[in-house]
Each structure stands twice: as C-alpha cells, then as structure tokens.
Amino acid sequence: MIESLIENVSTYGGNIDGLFTLITVIVGFWFILAEAVLFYFIIRYRRKKGVKAQYVTGEKKKEHNWIAYPHYLIILFDIVIIVGAVMVWYKVKQDLPPADETIRVTGRQWAWVFTHPGPDGVLDTADDIEMVDKLHVKVDTLYHFQLESKDVVHSFSVPVFRLKQDAIPGRVITGWFEATKTGEYDIQCAEICGIGHGIMAARISIETAETHQVWMDAHGGSAETRRIAASEKIDQGKAEDNNNG
Amino acid sequence: MAEAVTTAETTEGAHSHHGEPDFWSKYIFSTDHKMIAMQYMFTGMIMALIGGYMAYVFRMQLAFPGESVPGYGTVTPLAYNSLITNHGAIMIFWVAMPILIAALGNFLIPLMIGCDDMVFPRVNRLSYQIFLLSAIILIASFFVPGGGFGGAWTAYPPLSAQSQYNLTPFGAPMWLLAVALEFVAFLLGGINFITTTMNARAKGMKMYDIPIVVWMIVIASILFMASVGPLIAGAVMLLFDQVLGTTFYNPDAGGDPVLWQHLFWFFGHPEVYVVLLPAMGVVAEVITVFARKKLFAYKTILYTTFATGILSFFVWAHHQFIAGIDPRMAHIFTVTTVLISIPIAEMLFCYIATLYGGSIRLTTAMLFALSFLAEFLIGGVTGIYLGASGTDIYFHDTYFVLAHFHYTFFPIAIIGFFTAIYYWFPKMFGRMMNETWGKIHFWGTIICFNGIFLPLFVLGMGGQHRRIYNFNNFPDLATPEMQDLRIFATWSAVAMLVFQIPFLINFTVSLFKGKKAGKNPWNANTLEWVAPSPPPHGNFAEMPVVYRAPYEYSVPGREKDYWPQNMPD
Amino acid sequence: MSFQAPLATSRSVTGLPTGRLAIWWVVVSEIVIFGGLIACYVMFRLRHPEWGEYASHTSTPAGALNTFVLLTSSLSIVLAHQAAAAGNLVKSFRYIWCTIGGGGIFLLVKSYEWTTEISHGYTLFANNFWSFYYTATGLHGLHVIAGMVIMAIISIGVRKGEHLPRVEYIGIYWHFVDIVWLFLFPLFYIAK
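Protein chains in written order, with this note's numbering: chain Z, 1 to 245; chain C, 1001 to 1569; chain P, 2001 to 2192.
Honestly, I wouldn't trust all of these hints.
As the list claims (entries may be wrong) - If you only want the chain Z side, here are some residues facing chain C, beta carbon under 8 Å, derived:
#: 1; residue: Val25
#: 2; residue: Ala36
#: 3; residue: Leu38
#: 4; residue: Ile42
#: 5; residue: Leu76
#: 6; residue: Asp151
#: 7; residue: Gly198
Unchecked claim - Here are the computed distance ranges between Cβ atoms for each label pair:
#: 8; chain 1: Z; residue 1: Arg203; chain 2: C; residue 2: Ile1325; range: 27 to 33 Å
#: 9; chain 1: Z; residue 1: Lys52; chain 2: C; residue 2: Met1329; range: 50 to 56 Å
#: 10; chain 1: C; residue 1: Trp1443; chain 2: Z; residue 2: Gln94; range: 46 to 52 Å
#: 11; chain 1: Z; residue 1: Val172; chain 2: P; residue 2: Ala2191; range: 27 to 33 Å
#: 12; chain 1: C; residue 1: Leu1132; chain 2: Z; residue 2: Gly50; range: 51 to 57 Å
#: 13; chain 1: P; residue 1: Thr2123; chain 2: Z; residue 2: Pro119; range: 50 to 56 Å
#: 14; chain 1: P; residue 1: Val2027; chain 2: C; residue 2: Leu1132; range: 24 to 30 Å
Source of the hints: derived by calculation from the structure; they are not laboratory data. Model, not experiment: these values are computed from the prediction. Cβ atoms here follow ideal geometry from the backbone N, Cα and C, with glycine treated the same way.
In isolation and in its complexed conformation, chain Z is listed as follows:
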C-alpha cells in the first residue's frame, strides 16, 4: 500500500510495509463494521410517527453481550498487532546485525554532515570523506550509522528506507540499514530544528560497488576541501535565512 506512493529500497522496509498492511486489514474491518452499524442505526431508527423508542438499559447480561463479544475480539486482534509491531521493531531498532561499513551522520543547524570512512573503511582516519547534504552508500551493504547532533534535536529520516531516528545532542545513537536498490532519494530532517528546518534536505545516493569506488577515488583525500565547502554552504544558508527573516 505504501509502496504505491513511495518506493521501498531497504531490507526492512518490506517488514514495515507488511505491518502497515496487517494493521490496515484489522482496523479496516473494525472501522467499516462500526461505521456500517452506526449509519444503519441512524437510518433504521429515524423518528416515525407513533413509534416510541425502545427502553434498553444495557445492564442486562444479554444486552451487555452485544459489546462484550466484539470486545473480546478486539483483545485478540490487539495481540496480533502487538506481536507484529514487536517483531518489526526488534528487527529494525533493537537488533544490530554486524556491519560491513560504518558511517557517521551529524545533524546541525541546518545541514547534514556525512562522514564516510573512505578507502580504508575506518572512521576517524585521514582518508575520511566528509560531505554535506550528500550521502553515498553501496547497495546490498550493511551500514551502521552513528548519529550525532551538534546543537538541537534533529531527526534523520530516509523515507525510502522507512528509517527514522532522532539525533540527540550529547549522544551517539547507532542504527543500521541495508539498501536493496540503486538510485538517489531524499533525506529529511523530521524534527523541527529552527528556522532552517525546511531547508534541511539531503540526498542519499545508493550506488553499485563500482560506481561507489569511482566516487571514492574522485573524493578520497580531499576531506579538507569538502569541509570548507561544508562551512560555506552553511554560512550561505544562514545568510539566506537572515534575509528571509
């Protein structure tokens, strides 16, 4: 259902979409049933001349069963939903499968800074590639991300992955994703973070191993220039906002 509106390109996106469908079926059933009964009653029991309303207290056992049985059914369906939710949550957020590669994502007012580990595959070394508002990842590779924030609460959201995680200043939050398809997609900030919240957009580029290598060769070792570019962009963004404000 969600796939018809937005692509799913992560390994766990399908689980979330599946859970969505499961819940839709269950609550859709209840919703249609309840609305149908409500509208049926409204039409069926419109005021008619000479027909007096019935006197039903709802306190008798038999009457009470009208709501008691649906009620038990709801408990049953609730358990199904809870089990589904717990399983999906466990897979996406609680379980941390071993990483092929680790990146660092830093939110700040109002840009995303992505630190790629570079050719040696290790963060915090000289060959790290730092990019602003552009994340490059390889397809079919399991990434860990270390999410940080420099100032206020941001939220790292990649809708095509169905992934979202708040970045809390002073903490490092680790999560994971694995892309299943190449392409370029939006990254959003999902938590209001000041006047530039609306421009805090980034792109994720999911590449094959070869394309990724080409990109890395082009940018490897030029971390310093990237950093300069980053600060320029942020200054420019701030100036823009000041003009607007």
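Here the structure of chain Z is known, so what remains is to put chains C and P in place on it, guided by the hints.
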C-alpha cells in the same frame, strides 16, 4: 450539618433577587458560574478565530509557496514556525481546554447537579482572570522583537531553551510563561469542578444519577491535575534555562534534553483524554435526548473512562519511540498503547448501541454528535499505526500523524463545541438557533474537514514530514501530484473557514432575534432544563430534588417519552 | 463589591467540609509538581555519582536544624487547630503565630545557608546539582512564605472567631510543606 443545609435551601428564594448589579460586577468581575462560563467561551471562540487564521496563512504558504498570502503577506520561515507552533498551542490550550472544560464545566456542572453556583466562586473568577492574562501574554508574544516562539508546541529543548537556536529571545519565554499560567488557571478551575460535584449535588442525586458530561469533566480535571505537575516543574526548569541560563536541558553542560520530552508527554498524552472526555460527555447527552433512548450501559461507560484515564498515564513514551529511548522500552509502551484501544472501543460501542431502537431526530446538534462518532473513529483507528512501534518508525512526525490527531482533536474541540452550542444555546441565551443555517454550517464544515485531512493521510504515507515551510526543497516531495493534494487540502481549509460565517451570523442573530426557547425545548431529563432559560442568578427558583438517573427516556408504561430527574413520579 | 456566598458553599454531600476536600486536592496537585521535580533530580543523581561530592558542600547541621524547626512548627499548628476547635481563640492565635515564627526561623537559616554557599561560588549556575538545589529549596521556600502569609491572614479571623475551620486547612497544607522538606533534606543534604 444536614440541618444547616435544609435551612439554607428554604431561604433560597430571597437570595436570588438582590439588587441589579452594575456593568462591571455583572460582566467583568462576576463570580456567577454562568458569566464565567461565557467569559471562557467567548475568549475561546476569539482564540479559535486567531488559530484558524494562522492555519489559513500556513496552508496558503504550503499550497503556493513563496507567494504573498492575501491578508497576511509573505510567510518567512521564522514566521511559518511561529504560526504552526502557536496554532497548535492555541487550539489545544486556549480553545479546546477553555471551551470544553472551563466553559462547559462552569456552565453545566452547577446546573446539572442542581445547585446555584460553584463552591468557590471567587477562586473561579481568579481562574478566569489568570487564564485571560495567559492569553494576553501569548498574543503579546507575537509582537515582541524576534516574533513569537517557533519551536513547535512540544517545545523540545535545546531548541526551545537557547535563543541562539530558536532566535526568539522574548517570544520563547513569554510563550512558556503563558502556558504555565494557563495550567495554573485550570488547576484552580479543576479543584472547583471536583469539589463542587463531590459536595454540592442536589438532594437525592447519587453517584450514578450524575449526568455523564459532569462525570467526564470531573474525571478530565482529575487527569489534568495528576499529569500536569511534572510539566509545571519542568516548565520552571525550562524557563530558568531560557531566562537565567541554567543548564537543566543543555547537553553541553551535563543537562538532558530528553528529560523534557518525558515530562511533556507524561502530561501530553493524558491531555488528549482531558479534552476528549468532556466532548464524549456532550455527545452522550445529545444522542440520548435526540434518540429518546436511555444511555446504553451507563456504568460500563464510566468504568471504561476510568480504565482509559489510568492507562493514559502509561503510554507517554509512544511519542518518543524514535527519540533515542532504550529500544526495549518501546515494547512496553506499544503494549500499553494498543491496550488503550480496548476501553475506548468499548465506550464507542456503548454509544453506537445507544442508537439501537431509538427514535432519532436529526437536529443540528444531533448531526454534530453523530459526526463526532463517525469522524473520531477515523482518528481512533489511525492511532493504532502510531502506537504500534514498528509502523511508527516510518510514520513518526509525518503528515500521517498530523492527519491522525486532527481526526481526534477536530471532532473533540470543534465538533464537540458545535454539538454543545447547538444543544445548549437555548439554555445559555433563552433563544433557539436557526436549524436551516445550522445544517448548512454542519454539512459545509464536515465535508470540508474531510477534504483537508484525508489528502494529508496520503501525503504522510508518501513520506512528507511536518513543520516544513516549503516542500520544493525536497525533490521527492515536490512532485505535481503531491502539490495538487496540498492545494486541495488548502482550498478545503479555506472553504471550511468560509462555512463558519453562517455559524457566526446564526449565532449573533439568534442571540437577539431567535425564537424564544421555553424551559425545556428538547424535552430533556437533566436538571439544567428545569431552570428558566436563561437561568437567572441563583439558577433555580426552588432547589430541585433528584429522584432518578438522568437518561430515563421512553420508559414503558409512561405517557411522555421523557422523565425529568426532578419529577417525583 | 459585596460578595454573597452562594448556597453551594453550604452543601456537604460527602459529609466532609468543602474546604477540607479542596485543600486535599491542592495537596494532590502540589505532590505531583514536587514529585516531578524530585524525580528529575533523582534520575540525574543516579546518572552522576560525582554529585555526591557537590552535596557535601551543603550544610547538614543547618538542614537538620531546619528539619527540627519545621517539625516543631507542624506541632504548633496542630495545637492551634485543637485550640480553635475547643473555642480557645487566644491560644489558637498564639499557636498560629508560633508556627509563623517557625517559618521565619526556617527562612533565616535558609538565607544564611544560601549566602554562605553563594559566597563560596556555589551559585545557581555552578552546575546542575546546584541548579536543582536552588530550584527545589527555592520552590519549597516560596511555599513556606505563602503558608506564613496565609496563616497571618487566618490569624486575624481567628481573633474575631471567624472561619475557624481554616486553621485546620492551613494545617494540612503546612504538614505537606513539612513533608516535602523531609524529602529534600535527605536528598540534598544527607546523601553524599
């Protein structure tokens, strides 16, 4: 004690006829519960217009980004944030709360329990004055240098705590002060509602003879009182962070920004039920009267209310699933959140079952009450997606959430208010409202309401996030199809606002020219319909005595299909 | 503007005086306010063992003295209530002022403490422990001051023999203020 009461009740007649008070003591400094209710109601309505205007401005900006909005001008990002923040805060704290709890509670509780006023009339007046002050401070905060606060109504620090981040050095503390004062006003009001209902009921009115709406307002006041305390403490800490420079929420100095989120949502979730319950109560009164039916399973409804109220204290972290809390905690909060569907669903079933075998008259009030049930159901079922941790990962902070809670808050605050006003208008002002205009207002409002928020569900499912002033910055969201949905929602919002004009005209004209209403135009059972319309100071010429439960409609063997609570046989 | 008490104020369906009911609800809402603040402090404290060291700079003897003063004043307000119930207005009036005096001593000791601490550099901004310390004890101190003012007003009524049940109500409030202190004292002074 009992003897003293009897003496007082017999001297009642003289008490209600003292000299005509002047303008100030009648309208401004009155301690009369009805006048305070009107003060709350009109303040709430004015605030609703302000909040609606804000919604109009930011919806126009979203539909036609960057273009000048008629009646406002160009919307800057700073102004956009301030508009959405204050729209949310106003609609919840200065519209839903004052109208549903304070206005209805003040107007209805003494009348429905057969009493002449609140037990602490002067505390009541103080409560309104503090509330008014809070509203004035809030409105003033839009005009200080830097403009109004723009860190969302949830006010997460560090954004809300440090002006270097939110750029509103005066707006932020003023906003927080206004909210804190509003809390104090409602604590005072709540104590009044609870003690009045406990101690000042008419002779013969036992616990299960209290109308549901009174129960609901009292339970809501208790929920409010039990949940707001930590947030008041938290607000003091945040105010210190903002104004004095302490570091409670500042991570750079060992503070904890997530602490605020816990305090806020520990209050924030029960708050949903604080405003929901009075609206449910109003709907119960209206559907029983216009279906001529006894409320189905009165006691069950009460028990489910208690269950909902208690459960609502254990669900708060479902607002923080992805906020960096321990992932194992999410399981617990998923379970509690999904479980809350059980009492709420049962309550709704009881309401629907009440219609069974009725003799339904579709007045405007009844239409609004029924639409409350139909629309609130959408809000209810979409909440399951967000309470279930797995799907919330995707939906958190998208327009899906926004559409979900507007499907709960709009029925609560707006439909609930219209239900109440169309139903109790004759009692409040002694005249009837026009039904034809009422129905035009009803259909216009309901159709446009769905036109606004159904597209927003779709946009949310498509990955559109909240609080973004211009979606053109996001290539995946800037598609023409999505923009069409935004424009559709915006025009629906504009149309809905236009449809409030018939209401305002109907309201004003009926106030002076409406058909005179008798004491009991709807043939209802509850005690407020025993008093004259509008009730004079002191409410009842003779204090009523209660003989039965409030919903004895269509009792077999009786000629009339209603049986007022105060009728001996 | 004359105020005429409505009939509602004289009813008592529960059999309990409305004022007593109301004061209990006030206490309930105050409990959650202080409860929230204290819970926040405890959460921080558990995460920051170094706060024990900061706490050693608060003066335990002064805190202990204040505990003693507050407990004594709680006793005197009970005696004031008893005297008022027995119709002994003069005695009740005196006991109320004893209680106010107790509050005064409490505040004096408190201001001595704050002055000493501030002069040693432990201000509101020193670190989060001190922020909590000043916020919690300050909020409590405000409650003490409010209680003293209300008691002074009530004492005037007692003299004239009016509104005697109010002595009981302020007593309930004063006990609450006392109990809050019994939480603050160990948390900020004793636990090192």
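Do the hints match the structure? See the list:
1. Restraint check, Val25/Z versus chain C: the minimum CB separation of about 12 Å is more than 8 Å; hint violated.
2. Look at Ala36/Z: its Cβ only gets to about 10 Å from chain C, farther than 8 Å, so that hint breaks.
3. Annotation: interface hint on Leu38/Z holds; nearest CB of chain C at approximately 5 Å, less than 8 Å.
4. For the restraint placing Ile42/Z at the interface with chain C, the shortest Cβ-Cβ distance is roughly 6 Å, inside the 8 Å limit, so the hint holds.
5. Annotation: interface hint on Leu76/Z violated; nearest CB of chain C at approximately 11 Å, more than 8 Å.
6. Interface hint at Asp151/Z: satisfied, since its Cβ lies 6 Å from the closest Cβ of chain C, which is below the 8 Å cut-off.
7. Taking 8 Å as the C-beta cut-off, the interface hint given for Gly198/Z holds, the closest approach to chain C being about 4 Å.
8. For the pair Arg203/Z and Ile1325/C, the supplied restraint of 27 to 33 Å holds, since their beta-carbon distance comes to about 29 Å.
9. Checked against the hint of 50 to 56 Å, the pair Lys52/Z and Met1329/C passes, with Cβ atoms roughly 55 Å apart.
10. Under the hint 46 to 52 Å, the C-beta atoms of Trp1443/C and Gln94/Z, about 48 Å apart, fit the expected range.
11. Val172/Z and Ala2191/P have their C-beta atoms about 30 Å apart, which keeps the hinted 27 to 33 Å range intact.
12. For the hinted restraint 51 to 57 Å between Leu1132/C and Gly50/Z, the CB-CB distance of approximately 52 Å keeps it satisfied.
13. Distance hint check for Thr2123/P and Pro119/Z: the Cβ-Cβ separation is about 51 Å, which falls inside the suggested range of 50 to 56 Å.
14. At roughly 27 Å, the beta carbons of Val2027/P and Leu1132/C sit within the given window of 24 to 30 Å.
Checked against the numbered hints listed earlier, the structure breaks hints 1, 2, 5; every other hint is satisfied.
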